[in-house]
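Novice: These protein sequences, in sequence, are chains A and B.
Those letters in the first sequence? Residues 21 to 192, by my numbering.
Those letters in the second sequence? Residues 59 to 480, by my numbering.
If you are wondering where the hints come from, they were derived from the structure by calculation, not from laboratory data.
Beta carbons: idealized from backbone N, C-alpha and C, even for Gly.
Think about it this way: if two alpha-carbon atoms lie no more than 20 Å apart in a straight line, the pair counts; the simulated EDC-like pairs of lysine to aspartate or glutamate are:
#1 A:K169 with A:D112
#2 A:K169 with B:D340
#3 A:K180 with A:D73
#4 B:K94 with B:D283
#5 A:K124 with A:E182
#6 A:K169 with B:E418
#7 B:K448 with B:D382
#8 B:K94 with B:E458
#9 B:K67 with B:D89
#10 A:K180 with A:E120
#11 A:K114 with B:D360
#12 A:K150 with B:E418
#13 A:K146 with B:E418
#14 B:K72 with B:D89
#15 A:K65 with B:E229
#16 A:K150 with B:D340
#17 A:K146 with B:D340
#18 A:K180 with B:E229
Taking beta-carbon pairs under 8 Å as the criterion, some of the chain B residues facing chain A (in silico):
#19 W234
#20 F239
#21 A240
#22 D242
#23 V337
#24 T338
Now for the letters of each chain:
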Amino acid sequence: MSESDKKKPNRRDFIITATTAAGAVGVGAAAWPLIDQMNPDASVKALASTEVDISGVQSGQSITVLWRGKPVFIKRRTQEEIDSARSVDLKDLKHPEKDEDRAKNPEWLVTLGICTHLGCVPLADKGDYKGWFCPCHGSHYDTSGRIRKGPAPTNLEIPKYEFVDNNTIKIG
Amino acid sequence: MSDHEYAPKSKFGKWFNDRLPLLTLRNHLTDYPTPKNLNYWWTFGAILTFCLVAQIITGIILAMHYVATAGLAFESIEHIMRDVNYGWLIRYFHANGSSMFFLAVYIHIFRSLYYGSHKSPRELIWIIGMIIYFLMMMTAFMGYVLPWGQMSFWAATVITNLFSAVPFFGEGITNWLWGGFAVDSPTLTRFYALHYLFPFLILGLVILHIWALHIPGNNNPVGIDIKQPSKDTVPFHPYIVLKDLFALLIFLLIFAFFVFYSPNLLGHPDNYIEANPLVTPDHIVPEWYLLPFYAILRSIPDKLLGVIVMFASIFVLVILPWLDTSKVRSAIFRPIYKQFYWFLVADVIILGYMGAMPAEGTYLLIARVATAYYFIHFLIILPFLGIKEKTLEVPLSITEPVLGGTSNQTMAKDNLNLRDNL
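Isolated chain B (complex conformation) (with noise of 0.2 Å):
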């Protein structure tokens, strides 16, 4: 970080600065120096950021009108909707809001796994994010089970399940998550209490994510490193901030058209029938954000290997870092890995859609080959491409391949010392 010193121009200022440096933070956070090639990919950081404080807004309100109690939970959803001034609008707006949150957070994920963002000296920034990735499922999850409808119920009952797996405890586990013999009102209020809690645990984690990515500073598409500040940069105000804001109003009119024009699309229309616990609907489904991972746990056979391949699907995530051997970041300097990119965006879409079809037939088959695959691009292919890609080349700087190769001389050298300094 090159922060210079920053002093207060009025006297209250610095007075408060020299006691809390508040000032010297939003000094920072204005002057922090990006690349000023960063494309629009990169304005998901702050769309999300914007989802998140969102979420928590319309929950808090939203709280304050539902009832976490198995008799009045889904009366009071419907009471949210018809009698709570503007209720219908804060609802749909959350309910939907957890869709665009995860629409946001998988692309800015692939972004990051295009550009190389997740590897030195960057790996703490990607693992805080996909813990920030787990808290947000299972918030999601915990919230989805609120409305207490038909399948609030049965994905609270398929999901804690999972753990009956367990070897020995299963039971017990299970017996514990739901303060009964069956998923009944204390698993209701219990997911209520932890889907308040954790919004706040993801934002406590959203600050060291952030924390953690101004002392590198931001990647860039080119995936080089680079002088900050210097000719490659631009301070984050206005540059950033204004391009961030354009984009978030884009997001935010896709958003508005679920929310107004089809707030019920990413639902499921057995939600509006209250649990039953004798019933279990004849097909059920997870939220469409889950779905790969339920394609996943459905097409191995074995219920405890099922459950751990599940899980091992999201950790093979987690230690990313350390199976991409290559050196280069950018996939647009990796002619293969490019390819294969692509292929795990199509796998994963892939298995997207086998999760919503029934577990059978080419259905299951499918699903089976898009899993093995899955794993095959994480273990196999990417340590084995980081040793063997012919990589192009690189340039020195963001500015060498606009100016044509060797004209700034120094700007080539400043990144070579920067790149031996590190």
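So here's chain A without its partners, still in its complex pose (with noise of 0.2 Å):
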């Protein structure tokens, strides 16, 4: 045993290793494919944006609309809404965001309508902050939509949006 440890590594010994090594990156390089097929394909990513006509929301309204097959809150706040949302202490979030951070303009909150949980949509004007509130398992958002009660992580995501005129607001 102990002569056969000492042994010095001969050149069988390095060609059965570099084939070995050889033969692993060909069956990664195969196996590539068959596990990149699941992931979202051309057709998905190219409905990567949408475009939402806002003109008839009013205020204290909120929207729901899909993107991407994920539903997309759009809420005109009231000054009452922005102000609750603005006025918390940031020491009391569990995911600390400045509403500022969240809500480019004040008026509208423009989140993922998913639950950062289990990925349920939570309830329009329900729960503990009068924001949002998710049926499954009992999560509490604010008027910002930041998690303030229950077993949700994080606050709701921010989806990249932009205005591009009063009226129409681009997600994606």
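Once you've looked at the hints, go ahead and assemble the two chains, each given alone in its own frame, into the complex.
Specialist: So, in structure tokens, the structure goes:
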């Protein structure tokens, strides 16, 4: 035993190692298309942006639109709602984010309508903080879509969006 | 194993068997020595085999009429229910079949726990069984998604989102599982392909499960090693075959009650509403057989930890043969374990009930206590009990207690020898 342990690697050992390594790379390269085919395909990615007409949304109302198969909440907040979102002490937040950073235009809040816990759609104007409430496992969000109570780990996600003009938001 | 040499009688049989020993296999299966004291709890293996075959047959038929595309799936189910000849029967049989399958598998698992069938030398049978159970849960979950109703869609969303708890790679994994940025048509198509595949994986594992069983032979209610064949055994055919068939008939009566008299009792009415990604139903619950795990998931306030604990509750079963340290198998001779066994049964039922209730207030508190007890049972009570418990005297053979003590000396000796050999 001890003799073979001490034995220096010879040419054959080198060839076996090199062959195995080359084989592993080959198998990995061949497996990648089989795995990657499950990722979002070109037609799914092509639906990357959606333009929404928001001219009909009154103060206090919110609409839900579909973007990439996901619901997006567009809420026109009342002054009261904006104030309550902006007056919160960041120390009280589980996922501290300023409302100023979440809503570029304070009147309009645009968030993904997907609970960050397990992906349900929260209900609007419900819950302890008058924002959203997720019926699945009881997460409460405030009027800035920030998690305040319940199992969700983070705030409602803000998608990439911009105001094309006064009446149109482009999401994505 | 004590398979005597088998030789087919006919010339053709011998010619065939020399080339492919199927007749030897058949002979092994019919002559297979089984303990003569097996009770009706031991018939669930055969019942489960029936369930698997029945699900595969009805499933293949449904696949001939079902369309796995988001826009057509829901309609094609209604097409099966209304237009296809006997489509309603086949679909109701398949849908209720999954519930009956799980009912049988839970009885089968709890029978193992009671009589110690998971212990040496049957650990591998148990582990293969647990893999089958896990695959069954995945298959049932993916099958539940196929009708593309509201419950289907949101079950798929919540369960796939479990993987979003994975640090750093969470989003990548969920997008990969979905084939998009939310559950949609690509998700449905791949679930359909896997739902078709998994039952055949289960079938393969069932063959391994039975093969591994036939090496040490069946455990039995007394939980002792027996000599095979001996006065303690009967051949599998006709004794066990007919007993299994009788039990299967009773099982089919219950099965038929659900299929014909209350086919939707175990389902959820919301699944007759087509999937809508914009609206989550007020109260989403998984199928009854997944409720205990759902309760465990929800009882942990942290997302990642909840997912870990839920998977741990299954994994703890896999390592059970090494957690249960008692050398005595059957609970008949373990007075304290017997009580804890029934506590566990009650605990799992409570967990199941809490899984169906909203996760708040008292329900949540009870679910948390029950979750804690579940792990305490396996990780603390079982290892400790194996060392401390004073077990009752175990008979030397199945026949011994019936014949009254030592009157059957030879058999008692046989058993002692066998034990020494093991």
